[in-house]
Amino acid sequence: MHTVERLAYTNRWRQRHPADKLILGGGLLVLAVVLPPWPGDALVLLAAAAAALLGARLPLADYSRLLAVPAGFLLPGVAVLAVSLEFSGAGPLLHVGEEGLAQAVSALLRAMAATAALLLIVLTTPFTELLALSSRLRLPAVLLDLMLMIYRFSTLTIETAALGRTAQASRLGYAGFGRSIRSAGLLAAGLLPRVLDRAARLQVGLTARGYTGELRVLAPRRAHCRAFIAGSLGVHASIVVLALAAPASFRSLW
Amino acid sequence: MHIMEGFLPAPHAAGWALASAPFVAHGVWRLGKAVRKHPETKLLLAASGAFCFVMSALKIPSVTGSCSHPTGTGLGAVLFGPSVMTVLGTIVLLFQALLLAHGGITTLGANVFSMAIVGPWVAWALFRIVRGVGGSLAVAVFAAAALGNLATYVTTSMQLALAFPDPVGGIAASFAKFGTIFAVTQVPLAVIEGLITVVVVNVLSANSRPELQALALLPKEAR
Numbered sequence: 001m002h003t004v005e006r007l008a009y010t011n012r013w014r015q016r017h018p019a020d021k022l023i024l025g026g027g028l029l030v031l032a033v034v035l036p037p038w039p040g041d042a043l044v045l046l047a048a049a050a051a052a053l054l055g056a057r058l059p060l061a062d063y064s065r066l067l068a069v070p071a072g073f074l075l076p077g078v079a080v081l082a083v084s085l086e087f088s089g090a091g092p093l094l095h096v097g098e099e100g101l102a103q104a105v106s107a108l109l110r111a112m113a114a115t116a117a118l119l120l121i122v123l124t125t126p127f128t129e130l131l132a133l134s135s136r137l138r139l140p141a142v143l144l145d146l147m148l149m150i151y152r153f154s155t156l157t158i159e160t161a162a163l164g165r166t167a168q169a170s171r172l173g174y175a176g177f178g179r180s181i182r183s184a185g186l187l188a189a190g191l192l193p194r195v196l197d198r199a200a201r202l203q204v205g206l207t208a209r210g211y212t213g214e215l216r217v218l219a220p221r222r223a224h225c226r227a228f229i230a231g232s233l234g235v236h237a238s239i240v241v242l243a244l245a246a247p248a249s250f251r252s253l254w
Numbered sequence: 255m256h257i258m259e260g261f262l263p264a265p266h267a268a269g270w271a272l273a274s275a276p277f278v279a280h281g282v283w284r285l286g287k288a289v290r291k292h293p294e295t296k297l298l299l300a301a302s303g304a305f306c307f308v309m310s311a312l313k314i315p316s317v318t319g320s321c322s323h324p325t326g327t328g329l330g331a332v333l334f335g336p337s338v339m340t341v342l343g344t345i346v347l348l349f350q351a352l353l354l355a356h357g358g359i360t361t362l363g364a365n366v367f368s369m370a371i372v373g374p375w376v377a378w379a380l381f382r383i384v385r386g387v388g389g390s391l392a393v394a395v396f397a398a399a400a401l402g403n404l405a406t407y408v409t410t411s412m413q414l415a416l417a418f419p420d421p422v423g424g425i426a427a428s429f430a431k432f433g434t435i436f437a438v439t440q441v442p443l444a445v446i447e448g449l450i451t452v453v454v455v456n457v458l459s460a461n462s463r464p465e466l467q468a469l470a471l472l473p474k475e476a477r
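Each protein sequence line maps, in turn, to chains A and B. Going by the numbering used here, the first sequence opens with residue 1, and the numbers climb by one from there. Going by the numbering used here, the second sequence opens with residue 255, and the numbers climb by one from there.
It is worth saying that the hints were derived from the structure and are not from the lab. Note that the structure is a prediction, hence the values are computed from the model and not measured. Ideal Cβ placement from N, Cα and C applies to all residues, glycine included. Treat the hints loosely; a few may be bogus.
[To be verified] Here are the computed distance ranges between Cβ atoms for each label pair:
| no. | chain 1 | residue 1 | chain 2 | residue 2 | range |
| --- | --- | --- | --- | --- | --- |
| 1 | B | Ala460 | A | Arg221 | 49 to 57 Å |
| 2 | A | Gly178 | B | Ala460 | 26 to 34 Å |
| 3 | A | Tyr211 | B | Trp283 | 39 to 47 Å |
| 4 | A | Phe177 | B | Ala275 | 38 to 46 Å |
| 5 | B | Ala460 | A | Arg201 | 19 to 27 Å |
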């Protein structure tokens, strides 16, 4: 959470209008899911990584680490896809087939491309600006208010949880399996009254200030950039053209 | 277990989003009604949502030595009720995608279905059943948390099997493959989550009666 937020507030596209960045990243995300994985998703992955590293100037070390985590989660799933299971007379039979391998590679490519597109959005745009943007979607007000408040409570609660965990660990609370279970349970149980108490105090404070059920916060004023939007749409269009114009033999590789 | 961003083909991603939408809409409608009736529940709900989010980010010990994360659906369903948990779980999943780059937007519908709909409802139903036949609180909580957790993995296996049928053995073989992987890795985690949740509920019911009574303000399912 720290890395994502730190990058979202310090990258070079910080001052861009969140909608502009959403057009670029969201468009890439849609293309990643809709286009044939090869070569479409390879192009999406390339474009998203280039935009993040060269455009928004995200540090290579942070970026590659953030992209590697989902890749690690993906590998077991992809491995399962690559191996085929067959129930024959002699019992279940495992083997690696060409079709399963193709399925695995295309799922891997699509997931990596989509993850890179999502990262491009969340690493360049602070969460609160995304939330302010989503208020235009005409979602129920109670949902938006809840999201804003949960976000604010979460950052505080995570700190409390981390402190509690350090305190427990320094008293050998996580030495041994049984004790770890007990400590994790105590930590969660200690967290609930604290976060509810914080909510109650906030309720009193807000009521005293005339809270009528609506939280108004100032959103920073940002200008749209036509060149950026045009460039984004240009990138989308060229990916579509390149992906669909690739020779059929090249495409059917997978 | 989150399905990663982009892992599902477009028709499956859209289908699961459509399947989840009515449950989430129903939950939001109930919350809206509760908040209009008792405005103070809004902050209570926000605090509960933050609690769920942080719970799901807590590292829990696992047998293999590595760390894993609880789903928190069992505890949430018991504390807040399943329809509230559907909304809070959806928000938590969205936050995980946007703040931790874990899960995703295109797979949000599928993840909501397994973790914010199937998990909480199974957990809540088991809790009611075990309590109904006279089981102790600890047994009921353990069943809710462990089997609620397991239900999410079975659902995820099914979603993956439907999206990626085995070229030779079809959907059944694919389900067997994913199910085996999850059975090996997730059954111990489900038991661990069950144990932790029992500790949590025991400590809460010993020390935090007023808080639990405050949570009773949240909309409850018909008993």
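Right, here's what the structure says about each hint:
1. B:Ala460 with A:Arg221: 49 to 57 Å: This hint holds: roughly 52 Å between Cβ atoms.
2. A:Gly178 with B:Ala460: 26 to 34 Å: 19 Å, violated
3. A:Tyr211 with B:Trp283: 39 to 47 Å: Given a distance of about 23 Å, which is not inside 39 to 47 Å, the answer is violated.
4. A:Phe177 with B:Ala275: 38 to 46 Å: Because 41 Å falls inside the window, the suggested range holds.
5. B:Ala460 with A:Arg201: 19 to 27 Å: Check passed, 24 Å falls within 19 to 27 Å.
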